[in-house]
Each structure stands twice: as structure tokens, then as C-alpha cells.
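Peer 1: As a plain string of letters, each chain reads:
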Amino acid sequence: MATLQAQFKQFHDNIKLGTYEENQTLRDKRDLLINELATELKNEKVPDTDRALTFSKIDQGSYKMKTGIKPTDGHYDIDVGVIFDVTEDEYDPKKLKKLVYDIINKRNNRTVDYNKPCITVNYASGYHVDLPVYCKNSEKDVKIAWGKMTVANEWVDSDPNGLNDWVASISTESKKSRQFRKCVRYLKKWKQKHFSENGNVAPPSIGLTLQARRHFIFSTDNDLLCLINIVEKIINDFSNDFDIKNFRIVHSIDFKLPVKPYKNVYYKMTLNQQDVFYKKAEALLESLCAARDEDCDHEASKILRQVFGDDFPLVDKILRSDVKPVINSGTSA
Amino acid sequence: MNGAELSNLYLSNTIDCLVSYTRQSDLKYDHKIQGKKRTWKIQLEFNDNFPYSLPFATLLDKDQIGLLPHVNQHGTICYAEHDGILINYSDPENLLDYIISTIRNHLDRWSLKIFKDDLKDEYEGFFFNPLNEINSFCCPQSTYSRIYIKTKYNKDKTSTPVLMYEKNSPLPEKFSDIQSTSELNITSALCVNFNTKITPPIGGNFTFRYFKSLIDSLDEKEKARVTRLAQKFKNKLDFFVLLSAPRNSLNRTQILLKFKYPAKNEHPIVSDNEKCEISLFSILRLHKKYLLERGGAISQFQNSKVAIVGCGSVGSEIASMISKSGVGSLTLIDHDEFNADNIYRHNLGGNSITFTPDSSKEIKKNFKVDALKKSIEKDIPYIRVNAVAMTFQHAIKQNLISNFDVIIVAIGSPTENLQANRLLKNTDNKIIIYCWNEAAGAGGHSVKIDMAQCCLECIYINEGGEIVPTYYSLLASDQNIAKNLTGCAGLFTPFSYIDSSQTALLATKHCLEALHSITESSISSWKNDRFDSYMVTDYFSSFSHTTEHAIIKSDSCGICNG
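Chains A and B, in that order, are what the protein sequence lines are. Start counting the first sequence at 1; every next residue gets the next number (full-length UniProt numbering). Start counting the second sequence at 1; every next residue gets the next number (full-length UniProt numbering).
No lab work stands behind these hints: they were computed from the structure. Hints may contain errors.
[Said to hold, decoys possible] Looking from chain A toward chain B, a few residues come up when the C-beta cut is under 10 Å (computed): (1) Asn-105; (2) Arg-107; (3) Arg-110; (4) Ser-196; (5) Lys-279; (6) Glu-299; (7) Lys-302; (8) Gln-306; (9) Asn-328.
[To be verified] Pairs of lysine-lysine, PhoX-like flavour, derived with a Cα cap of 25 Å: (10) B/Lys-120 x A/Lys-191; (11) B/Lys-174 x B/Lys-425; (12) A/Lys-256 x A/Lys-182; (13) B/Lys-197 x A/Lys-268; (14) B/Lys-32 x B/Lys-113; (15) A/Lys-279 x B/Lys-113; (16) A/Lys-245 x B/Lys-212; (17) B/Lys-378 x A/Lys-317; (18) B/Lys-120 x A/Lys-317; (19) A/Lys-280 x B/Lys-37.
[Said to hold, decoys possible] Computed Cβ-Cβ distance ranges for the label pairs, DEER-style: (20) A/Ser-239 x B/Asn-49: 53 to 61 Å; (21) B/Glu-81 x A/Gly-199: 32 to 40 Å; (22) A/Val-201 x B/Glu-173: 41 to 49 Å; (23) A/Thr-72 x B/Gly-203: 34 to 42 Å; (24) B/Glu-81 x A/Gln-10: 25 to 33 Å; (25) B/Asp-272 x A/Ser-125: 53 to 61 Å; (26) B/Lys-509 x A/Lys-106: 41 to 49 Å; (27) B/Gly-203 x A/Lys-317: 27 to 35 Å; (28) B/Ser-556 x A/Thr-72: 31 to 39 Å.
By construction, the Cβ of each residue, glycine as well, lies at the ideal position given by its N, Cα and C atoms.
Next comes chain A alone, as it looks inside the complex (with noise of 0.2 Å):
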């Protein structure tokens, strides 16, 4: 029986991605457009009222979370969010949300897009800022401008401070939460692997740490079993669904998010990509299971490199002669 902890912590060190206090860089980032947002917003008052129309951001995402991993491509993805101080009767979504737009959209370093849930800022050097827009009508009353640029806006029941409260409630001990924010990383890694990047082909990594969220289990000293409990407990999640286009049984997914409004994490994906996310769920859970199974570490270590890829560590064989009867050398002519 493998359970490679060591390995473990080494690719988890390999793979992850500091929070904003752990990394300047993206903090600068964060900071630069919010200041840019506050400076611009001044003088701007709410309307029909002399009331300046002020606001505060809330960091979401893997950041805040602390389960971010090193994208492949350096492309940094940031989220953090822009909470007004006003009540949704106070001010037209679509108009504040082009507001921000506008303002962001001032600079040429960048290009801008006004997309459904957010505000996304691409920098040229690779990274991009997503800036949901809330109003606010209490404290616990919180919504999020919803739709294109195209159409008319929406104000609809959002929760980014519950849910950001219910993912850090994991454990009150930091030896459970910190196995929880691996086991997260651990499935980004796997998804990373073998999932495109287009469209939504890949589960939407809130999903996946939400559902670790909800069926961790702690396992001392082991995030392989902790990794395999969430992953059979994520195809427990799927149904069987019948998919008339194709005429096919298919598996599908409707996981709730635990604050409002409550809706299908996955609900952007289709029937064929649910499917599609259920067998490399499947394929995942055996493969993770082969390698708890191996009674060699350097078999075991195969296994989870075709898993996780190549930051997991490979173990050495341990041979009957201290020579290895074969070595790829390298050399050519």
C-alpha cells in the first residue's frame, strides 16, 4: 500500500500558488485597478441624490481561498470583487456595471470585456482581472449585476462573503483545512492535465472545491485517501440522465452552490461534457486507487505522474543490484 506523503507535499509545493499577502506581484495587480476605480470614481454620486457613490472589494477566487496553482501558461487569472454602497432600487445594474466598465476601458495597456457575471481586464503580459458588480442592500443582502453589454442587466441574489465564509469553515484546525487546500489543488492539477481549455469543456474549478468542500474527510498523514474519498464522493454526485439528441444514457451533474442563489455550479456545461467529466472523474478514482493498491513506490509514483503530470515526483526504483540495468542516456550522433 503507497501513500507517497512525501511526494505528495513536494508536488504540492511545486504546484501552488501563493494567496495575495504571500504574493506582492498579484496583490499589486489587485490594488492598482481598485485605487484606478476609486480615483475615477471620486466625484461620482448616486444617482438623483448628492449621496458619492462609493464602494468596497471583496477578494474571491483561489486567492482568497488559498487553493490557487501555478498556471501553465502564466496566465494569472484574478478575481476580486467591487461591492457599492448602494441598494439595487438605488441604481440600474447595466448602467453601474458600464460605469466600471468605462472607466476600466480608459487605459490602453489593456483591453476590456463586459461579460455576463463580470468585468474582465486582460493585460497584455498575461494575466487577467475579474471584477464582479454588486449592490448592496444590507449587509447580508448582497446582488450581482447579471448580463452582456447587449442586453438588459439584472440585479440577482449573490452571497461572495457566505461563500468565502462557508469554503474557510472547512475545519478550525489548520492541519485539516491545509489537507483540504492541497486535496483542492491536487483536482486543479488533474483538471489542468486532462481537461482543454476552450470553452467549458472543464469543470469550473469552483465546483470542484466546492464539492471537496462538502465531502472532505481529514486522513492523518495521508492526502491520498483524503484525495480518493472526495473523488468517489464527486462521481456519487453524478445521475444518470438520458440524452434524447444522442439517444444515449449520459451522466450528469446538479451540484448547488450552498449560498444564494443556490443554482447548478456546472450549469454552463453541456449533457456530452458532463459525461465527458464524469468518466475522467472515474478514470481519475482508478488510477488513484491503483496507485494506494501498488506495493512499489516508483510503480505507484508512474501512476500518479500520468495523473497529476510531471511536478509529481518520481520515485526511484529500488532494484536487486545497486546498477540499473538500463538508462536512457541522452545521447545521439
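Chain A is fixed; fit chain B onto it per the hints.
Peer 2: Using the frame of chain A, we list chain B on its own:
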């Protein structure tokens, strides 16, 4: 190892996972190996060079072929690299144990679902057949509606494919013997483009039914497109189809199919007639994007422009090296003709010398630049070579040496180098490299000059502003070194092809550095450590093998301070 020795090796060895084995012939053994979830049947075929080479392994469980990656359609198991490996041949027992247990571990591992993607990624390798290959100038990363195939017409009225290309991208006519393919027939192949990876057939046979199942798996739009195009084909005996599917890398899986019918038939995409012979052709990629990467060239240099002034022993060698580095445009400037005197120290040889008189009964010699251009363009498909058969003085006067990323001056004469330095200072060229051999095989130099920093004269000028031998000379000045074999007309400086190659290597490295934007001015020198034929300088004695020094602007240099 012969059959008896191998038999003894089997008898004396105890391998844990080996359930049983059967000797099929002296050097061929079948084995049952206990895996984690099943027993594997494999065959090892040794040759008498074992243990200096590894045996070929074949999976005998036919039902597993097409399910496991790294096992091809014939069951050949790719369990180890066969090139560049170091085998501990002193312990054959351990080696045999290693081979069998490695194959067992591989097969166990590869049967996990997570390895299925590797199988799809290696679709071409699954069907690879070195006896059925076709040269392709099509882009390995693109999808096509149809491509064109040059074919050889056979007596049975069918055709054999020779090379394929895309309509809007002309073939590099001067490369190799491409021109001789102009007499071949041209036919078109319908391209079938999958938007997901495809899986090979279980059992390994590419049957008509398997082909139809692939067509059925296409998305509706592509299926409609290929059906519409297939219906336009006239009934005939043979058809070509190019399958193209995505891989993990940017390059796509590409495989050419030939369908041969006994009588005229409609296109196989729209036909249900299974009575056809299907041949698969592996693609030998010759497209620029593939060849540059495969051959270790640097694709970003395709937009670079390099000029070589002087195409003698050193210059011709640099031209050859630069062309193989991936540079897209090369201009050669030299007014000399190539003759037999040069063949032992020039990159060109007998191919560039003519002994046959032309119609005016003259034996015309080739200019070095023309012969080099011809040689390089025949060797390298993706390079533009511009031959300028004139002196560098004339070329500069006619503004032919301008706007180059790098100019390499390989004239050899220090005075001409300095003249070139003066003339080039007033042009828009930024980086100039000067290189030359020292006499009698003493060594050689390459000087990389960023014209914004300094110039060649900076290392030849004394405090009084006079031209003197450079400190970086290897041989003491004013020695009688030139030789002649046929009188004054045959005067030459003795050095060999090896000397020129070493100097050319330094200059080429300087050039590639400059193309990578490492532009600091410097001199690189090599020397023959055993040289004792002539008096040497302090600089010669100051280093072993090779050395490099930064060059800075001289306060006395009239050019830089003018």
C-alpha cells in the same frame, strides 16, 4: 548471445511475475506474465547481439490491441527507448528480469483508463509503417478541405502516392529532387477533420467498417461537408482520404488512407461497398513548422536576415551552419569563382566544379556564391538565398548590403576587414561579425561588433591613431608564412578545413547570439594548443583552447570618435 546461452539464461533465472514460458525458436520466447488484474501473454524476440541490445516485445493478447497505449497495431510493445540507452550488459540475468518486470508493470499501468488519452494521442504511431510513407508539405497544425497528392501511375491503373501538398502553398522547387516530381500525376484527397481525438480499432485492423464508424462519429457539420464533397468525386478505382484529428500538442494526427476497389466505385465515404483494399500511409512531415522544431533549428530566425561577405573556406562553412540554424534569408557576397584548389578546405566540393565545355567550348566556372546558393537551397527547403557575385566594395556602393540583422565578414585579409568596417559604419547595419583564421593552423577569431558601441578599428589602432597589428593576434607579426606551390600566382596561406570549421563555429555562435539580442561587442579566439611552427604572441600564451573578451571603444579610433 546464441540460442544455447539464452536458453541457459532462462533456465538459471527466477523472475517473480513469470508464470511460464515457451521457447518458440533459438531467440524467440513466449511468456505468460502475472499482472495485477490479469495474465499477460507476451513474446520476446532477441537477436544475437543481446545483451548489447534489447529484445523486441510483442503482446500476444490480440483483444488488448487498440486498448493499450504504446502497443501498436501488430502488438509491438514500446517498453523502452532503443536509442541512446546504456545497458548494463555485464549482468544479463538482472537485465532479463528487468525487461520482463518492466513490460508487466507497463501493461498493468497502461490498462488504467487514465492512460487512454495516450493511446489516442499516438494514433499515428499505432499504424506506423516505415514501408508505407508519404512525404507531406502540408502544415501539421492545420485542417484542410482537400489536399493534393502527386502520384505514380501503376500498371493496374491505380496510383501510388509520392508526396502531398496544399494548393496555395507552392513546393520548394529547388529542394532536393522536388523538380523531378513535376512529371507525376496529381490527384486530390478529401480531408476528414475530427474535432476530438480518435481511438484506434480494437484488434488493430483498419477495416472498412471501422472507417465508417469513424465517419459516423464526426460532428454533423463535418459529416455533411465530407458527404457533399465525396458525392462530387467521379467513380474510379482508387481514392485517397486524409484523416486529421487533434493531439495534445499543436500538431494534429494525420494519416493518409488509400482505398483500392476491383472495379470503378463511388467514393468510400458515400459507398457501402466493403470490397476494397485499404492501405495506410504514415506522414513524413516536411512542413516548415515541423522541420524547424524537429531539426533543432530556431523558428523565430525565419524572419532574420543575415549576409555573409566572403564565401571562402570560413564563409562557406558559416553559410552552411547559418542555413541549418533556421535563418530565413541569407545573402552571399563574393566575386571569386570556385575551383578545384579549394575542395579540401571549402564547404563545397566536386559537385560545384564543371569539367564539361558548354556550347561555346568554354569550361565555365561557377561563382562561389552561385554554387553555395544552389547547394544550400538543395539542402534546406525553407531559406531564401540571394547570391551577389561582386566585391563587397561594389556591393556596398550599390547599397546591396543594408538592413541586415547581422553581417558576417569572412574575407580573411585584415586590411579588407578594416576597409569593410569603414564602409559599413555608414550603413544601417547594426551588428557586424568579422572572422578569420590565423596562418598555419595556429587558431582563429570571431569579432562581434555592435556598431553603436565600437568598431573593428578600435582593436587595430594605437594611441597615436596609427593602424598596427591587433593585440589579439596569435602569431608574432612579420613572419614569412605564405606558401606557393606554383609560383607567385599560386601564393596561399596554409590552413585546413578543420581550422576554418572552428573559426566558422565561433562566428556562427556570435551570429546566433546577436539574433537572440545578445549584442555586446566581443572577440572569441581559438588556438591550437600544440602549435609550435612559428613565433607566437603573449595573447596566444595567455589562454588554452578558447577565450572570449569584451571589446570597448578606443579613444584613438577615428571612426568611433569622428
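Peer 1: Go through the numbered hints given earlier and state which of them the structure violates, listing their numbers in rising order.
Peer 2: 1, 2, 3, 11, 17, 18, 28
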